[in-house]
Amino acid sequence: MRFWIGAALVLVVLGAVTATVQYEYFFFAGYTVLMFIVLSTAWNILGGYAGYVNFGTPAFFGLGAYTAAVLYKATAAPLVLQIAAAAVMAGALGFGAGLLTLRLRGIFFAIATIALTVIMETVFINWRYAGGATGLQLLRPPPTAPFDSYIKMLFVVMGISAVVSVVVARYIERSWLGRGLRAIRDSEEAAEASGVPTLRLKLFACTVSGALMGVAGAPMPMYLSFIEPASTFNLNYAVGALASPMIGGTAHWLGPVIGAAVLSSLQQIITVTVSNEMNVLLVGVVLVVFVVVAPDGIVGLFRRLFSRK
Amino acid sequence: MGIPLDLLLEAVLFGILLGGFYAAVSMGLSVSFGLLDVPNVAHPAIMVFGSYCTYLVVGRLGIDPILAGVLLTPAFFILGMAVYRFYYETFEKRGRREAGVRGIAFFFGLALIIEVGLILGFGVDQRMVDAPYIGRSMTFFSDIRVPLRMLVAFGVALVLTIGLTLYMSRTFTGRAIKAVAQDEVALRLMGANPVRIKQWAFGIATAASVIAGSMLIIVGPVEPGMDRVYIGRTFAVVVLAGLGSMTGTVFAGLILGISESIVLMHPGLGASWAPAVSFLLLLLMLGVRPQGLFGR
Numbered sequence: 047m048r049f050w051i052g053a054a055l056v057l058v059v060l061g062a063v064t065a066t067v068q069y070e071y072f073f074f075a076g077y078t079v080l081m082f083i084v085l086s087t088a089w090n091i092l093g094g095y096a097g098y099v100n101f102g103t104p105a106f107f108g109l110g111a112y113t114a115a116v117l118y119k120a121t122a123a124p125l126v127l128q129i130a131a132a133a134v135m136a137g138a139l140g141f142g143a144g145l146l147t148l149r150l151r152g153i154f155f156a157i158a159t160i161a162l163t164v165i166m167e168t169v170f171i172n173w174r175y176a177g178g179a180t181g182l183q184l185l186r187p188p189p190t191a192p193f194d195s196y197i198k199m200l201f202v203v204m205g206i207s208a209v210v211s212v213v214v215a216r217y218i219e220r221s222w223l224g225r226g227l228r229a230i231r232d233s234e235e236a237a238e239a240s241g242v243p244t245l246r247l248k249l250f251a252c253t254v255s256g257a258l259m260g261v262a263g264a265p266m267p268m269y270l271s272f273i274e275p276a277s278t279f280n281l282n283y284a285v286g287a288l289a290s291p292m293i294g295g296t297a298h299w300l301g302p303v304i305g306a307a308v309l310s311s312l313q314q315i316i317t318v319t320v321s322n323e324m325n326v327l328l329v330g331v332v333l334v335v336f337v338v339v340a341p342d343g344i345v346g347l348f349r350r351l352f353s354r355k
Numbered sequence: 186m187g188i189p190l191d192l193l194l195e196a197v198l199f200g201i202l203l204g205g206f207y208a209a210v211s212m213g214l215s216v217s218f219g220l221l222d223v224p225n226v227a228h229p230a231i232m233v234f235g236s237y238c239t240y241l242v243v244g245r246l247g248i249d250p251i252l253a254g255v256l257l258t259p260a261f262f263i264l265g266m267a268v269y270r271f272y273y274e275t276f277e278k279r280g281r282r283e284a285g286v287r288g289i290a291f292f293f294g295l296a297l298i299i300e301v302g303l304i305l306g307f308g309v310d311q312r313m314v315d316a317p318y319i320g321r322s323m324t325f326f327s328d329i330r331v332p333l334r335m336l337v338a339f340g341v342a343l344v345l346t347i348g349l350t351l352y353m354s355r356t357f358t359g360r361a362i363k364a365v366a367q368d369e370v371a372l373r374l375m376g377a378n379p380v381r382i383k384q385w386a387f388g389i390a391t392a393a394s395v396i397a398g399s400m401l402i403i404v405g406p407v408e409p410g411m412d413r414v415y416i417g418r419t420f421a422v423v424v425l426a427g428l429g430s431m432t433g434t435v436f437a438g439l440i441l442g443i444s445e446s447i448v449l450m451h452p453g454l455g456a457s458w459a460p461a462v463s464f465l466l467l468l469l470m471l472g473v474r475p476q477g478l479f480g481r
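Chains as they are written, first to last, in the working numbering: chain G, 47 to 355; chain X, 186 to 481.
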C-alpha cells in the first residue's frame, strides 16, 4: 500500500512541478534523469534479477526512437501511439535476440548485445527513408491541452513511463517470476534441475526489458526534434543503464532508481560545469569503485547500516 | 549485385592481410577470455593504450614502432599480472556469481577509464607514427597495389601467432596454462597453483596486446574511441575460432578479414556496411554453432 501511495505522490509532484516551475532547462535535465531511471529499471530486470549483462541498451533504445520517428514521419501518429509501437518493436527485438543467444552462458549474451547495437546502427545508417547517416529533422506538433510547452509534456510522459516501469519491475521482483530469475542468477543448472523453466523466464525478462528500453527511447526524436544514428545508438546509454543499478543495488527495485537519480543528476551537473569527458570518467571510476567495494550498491549499504542497530 | 573478378581478387588479397592482422590482435583475448574464462572486455582498450605508449616511445626515442612495442612488453606483462591479481582477489575468489555480472562490469568500467584517460591526455585527435614502410606500397600481379604497412603488420602477426602457438604447446608453462583451462581442480591436485599460472597467462595476454597495439598504429592512425569497434572484431574472432584455439584464431581472423574486405569493396555495400560484418558473423556463430569452428 505504501508503495502505491508513494507512486501516486510522485506523479502528483511531477504534475505540480510542471504547473509551477517556469525554468525550461529544468525540464530538459529532468527528462534525462527520468529517462535513465526507465533505462536502468529495464536493464535491471534482466541484468540484476537474472544476472545476464546487457550491453545492448542503445540497440533497444535506438530502435524505440527510430520506430517513433519513422511512424511520425509516415503517419503523424500521436505520441502515445509512437510509444506503444516502440515498445512492441523493441520487445520483439528482445525476444529475437534472446532466442538466438540466451541458451548460451552470460558473457556470450553480453557480447552478442554489443553486436546487436552495431548492427542496428549500421542498418539505420543505410536506411534512406529514416534519414541515413545525416539524420532526420522532425517538426514537433503543438503540445496537447493542459501543457503550455512540448518539453513539459515530454517530461510528464517520461515521469509516467518511469513509474510504470518501476511498477512492472517491482511486480516481477515479488512474484514467482522474480524468484525464478534469481534462481537462474544463483545457479542456472540447479534452477533447471528443480523445474524452473529457465529459457522461458529469460526470454520473458529479455522481452519486457527490451520493450521498456524502447519506451524510454520513443520520445527522444520529439525531445530533440531530430534523430541521427551515431548519437541514438551511443554506447553511453549502455554505460548509464548498466552503471546505475550497479551503484544503486541490483537486488531491489529501488536500487536502479536511486542509482540513476544520483548518477545522471551528477552527470548533468558535471557536463554543464566541467566537461563531457570528465562525466564519462566519473561514471567509469564510480562504477569500478562500487563493483569492488560495495557489491550490493547503495541499497545494500543502507541495509547493512540498519540491520546492525 | 555482381563484383568484377579483378576487384574480388584484390579484395581477397587485402582481406588475407587484414585477417592476419585481426588474428594477431585477437591473440591476447584468445588467451585471457578463451583459455582463462576472464570476461576481458577491456582487451581492446588496453591495446589502444598500447598504441599510445608506442606513439610516445617512438616520439621520444625515434625507433621503429614494432621495436617500441617489443620494448614495452615487460611493462605490460606486469600490468596484466596486476590486473588479473586484482580481478582474482575481488571477484573470482568470492565465487562464480561474483565473477559473472560484476566481473564484466569491472572490465567495462576499466575500458571506459582507459578511453577517457587517453582523451584527457592526448585529446580526440588521431595520432600516427613514422616508419620507412608507412605510406608506401608494393605492386602484385602487375596491377594490384598492396600497402607496405599491411605487409609488415601481417609479418609481425605471423611471428606473434606462431610464437604463441609454440609457447602454448611446447613449453612447460604453456602446457600448464592449457591444463588450467581444461581442469583447474585436477591441476591443484597435481600440486600446482592455478592462480599463479593464470596470473602468468594473463600477463602474456596483456603483453601480446601491446604488440597488437603497435601494429594498430602502423596499420592506420589511432584515436581513443577506437577500442569500441575492436570489441566486436576481437570477440568475433575468438568466438568464431572456438574458445582458446590458436589455429582457430588464425582461420577466424582470415574469415573476418576477407569478408570485411569484400563488403568494403563491394560496389553496392561499401564502407558503411563494413563495421557490421564482424558482429553479424559473431551473432550467426553464436546462434548456429556456439562452440566455434575449432571448439572443444
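It cannot be assumed that every hint is accurate.
Said to hold, decoys possible - Sample of chain X residues lacking proximity to chain G, with all beta carbon distances greater than 10 Å (derived):
{"#": "1", "residue": "L192"}
{"#": "2", "residue": "L246"}
{"#": "3", "residue": "R287"}
{"#": "4", "residue": "F291"}
{"#": "5", "residue": "F293"}
{"#": "6", "residue": "I319"}
{"#": "7", "residue": "V370"}
{"#": "8", "residue": "L372"}
{"#": "9", "residue": "S463"}
Unchecked claim - If you want the footprint, here are the derived chain X segments under chain G, 3+ residues with CB under 8 Å:
{"#": "10", "stretch": "236–245"}
{"#": "11", "stretch": "249–263"}
{"#": "12", "stretch": "302–313"}
{"#": "13", "stretch": "341–350"}
Just so you know, these hints were derived from the structure itself, not from any lab. Note that CB positions come from ideal geometry on N, CA and C, so glycine has one too.
Hints, one by one, checked against the model:
1. L192: Its Cβ never comes within 10 Å of chain G, the nearest being 21 Å, so this holds.
2. L246: 29 Å, holds
3. R287: 5 Å, violated
4. F291: 5 Å, violated
5. F293: Check fails; 7 Å does not lie beyond 10 Å.
6. I319: For I319 of chain X, whose nearest Cβ neighbour in chain G is about 28 Å away, the distance exceeds 10 Å, so it holds.
7. V370: Given that every Cβ of chain G is farther than 10 Å from that of V370 of chain X, nearest at about 17 Å, it holds.
8. L372: Per Cβ check, L372 of chain X is outside 10 Å of chain G; nearest 22 Å; holds.
9. S463: With a cut-off of 10 Å, S463 of chain X comes too close to chain G, as the shortest Cβ separation is near 8 Å.
10. 236–245: violated (count 0)
11. 249–263: violated (count 0)
12. 302–313: Coverage by chain G holds for the stretch 302–313 of chain X (3 residues, Cβ < 8 Å).
13. 341–350: Answer violated; 0 residues pass the 8 Å Cβ test.
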